[in-house]
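Note that the protein sequences, when read in sequence, are chains A and B. At the far end of the first sequence sits residue 96, using our numbering, and the numbering has no gaps. At the far end of the second sequence sits residue 96, using our numbering, and the numbering has no gaps.
None of the hints are false.
List time: in silico DSBU-like cross-link candidates among lysine-lysine, alpha-carbon distance up to 30 Å:
hint, chain 1, residue 1, chain 2, residue 2
1, B, K6, B, K42
2, B, K12, B, K63
3, A, K63, B, K42
4, B, K42, A, K12
5, B, K6, A, K63
6, B, K58, A, K6
7, B, K63, A, K42
8, B, K12, A, K42
9, B, K42, B, K58
10, A, K42, B, K42
11, A, K12, B, K58
12, A, K42, A, K6
13, B, K12, A, K6
14, B, K12, A, K12
15, A, K6, A, K58
16, B, K42, A, K6
17, A, K42, B, K58
18, B, K6, B, K58
19, B, K63, A, K12
20, B, K6, A, K12
21, A, K58, B, K42
22, A, K58, B, K6
23, A, K42, A, K12
24, A, K42, A, K58
25, A, K42, B, K6
Interface residues of chain B toward chain A, partial, derived using beta-carbon atoms under 8 Å:
hint, residue
26, F8
27, A23
28, A26
29, Y32
30, I40
31, Y43
32, L46
33, T47
34, T48
35, M60
Some residues of chain B that are not near chain A, with every Cβ distance over 10 Å (derived):
hint, residue
36, K12
37, Q13
38, G14
39, I15
40, F16
Treat the hints as calculated values from the structure; they're not laboratory data. Here a beta-carbon is modelled for each residue, glycine too, at the ideal position from N, C-alpha and C.
2 protein chains.
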Amino acid sequence: MKQYKIFVTGKQGIFDPAGETARHALDNLGYTGIESLQIGKYIQLTTDDSVSAEAVKQMCEKLLANPVIEDFSIDETATSATSEIAEKTNAGADE
Amino acid sequence: MKQYKIFVTGKQGIFDPAGETARHALDNLGYTGIESLQIGKYIQLTTDDSVSAEAVKQMCEKLLANPVIEDFSIDETATSATSEIAEKTNAGADE
Numbered sequence: 002m003k004q005y006k007i008f009v010t011g012k013q014g015i016f017d018p019a020g021e022t023a024r025h026a027l028d029n030l031g032y033t034g035i036e037s038l039q040i041g042k043y044i045q046l047t048t049d050d051s052v053s054a055e056a057v058k059q060m061c062e063k064l065l066a067n068p069v070i071e072d073f074s075i076d077e078t079a080t081s082a083t084s085e086i087a088e089k090t091n092a093g094a095d096e
Numbered sequence: 002m003k004q005y006k007i008f009v010t011g012k013q014g015i016f017d018p019a020g021e022t023a024r025h026a027l028d029n030l031g032y033t034g035i036e037s038l039q040i041g042k043y044i045q046l047t048t049d050d051s052v053s054a055e056a057v058k059q060m061c062e063k064l065l066a067n068p069v070i071e072d073f074s075i076d077e078t079a080t081s082a083t084s085e086i087a088e089k090t091n092a093g094a095d096e
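Based on the sequences and whatever the hints tell you, model everything.
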């Protein structure tokens with residue numbers, strides 16, 4: 002079993018209506034001092050061992066993210082007995 | 002300046018229509034082997050130094066997440082001149 006965390010965010014310069022709305026609403030609630038607020042997607046994907054990281058990248062490009070207006074990054078977190086080792090060797094891929 | 006990453010996910014047992022739809026669509030595209038797929042929100046928040054972590058938690062409870070059906074977790078990542086040091090000392094909090 003493999004676990005992936007996928008972060009989908011709007012590209013630089015693309016308007017984010019949900020984030021803008023939340024920012025104004027927080028301002029109205031009295032929370033000042035907010036400089037920016039962007040809302041993206043956080044996808045938790047669990048697959049069996051047959052699914053490669055390359056396949057997950059393709060899934061993002063084809064369906065989970067819109068590459069025209071969104072960027073994505075993928076963190077792989079293996080589960081089962083080898084999880085801790087896998088997390089260490091994968092540390093370079095962290096955000 | 003402070004930066005926070007907020008992850009909003011559906012509570013255990015709450016139906017996730019977006020995730021379910023994406024899972025079926027991936028299946029139709031030929032990507033088999035997916036065991037689960039959940040779609041939540043990934044919020045990137047930048048505030049000035051006057052905003053406390055407690056205030057950010059309140060923002061999540063009041064507006065950014067729906068505590069009835071969603072859980073959230075907050076990662077703080079300090080920026081400004083001390084960003085690199087802060088990122089290193091904060092490495093344990095990385096997802």
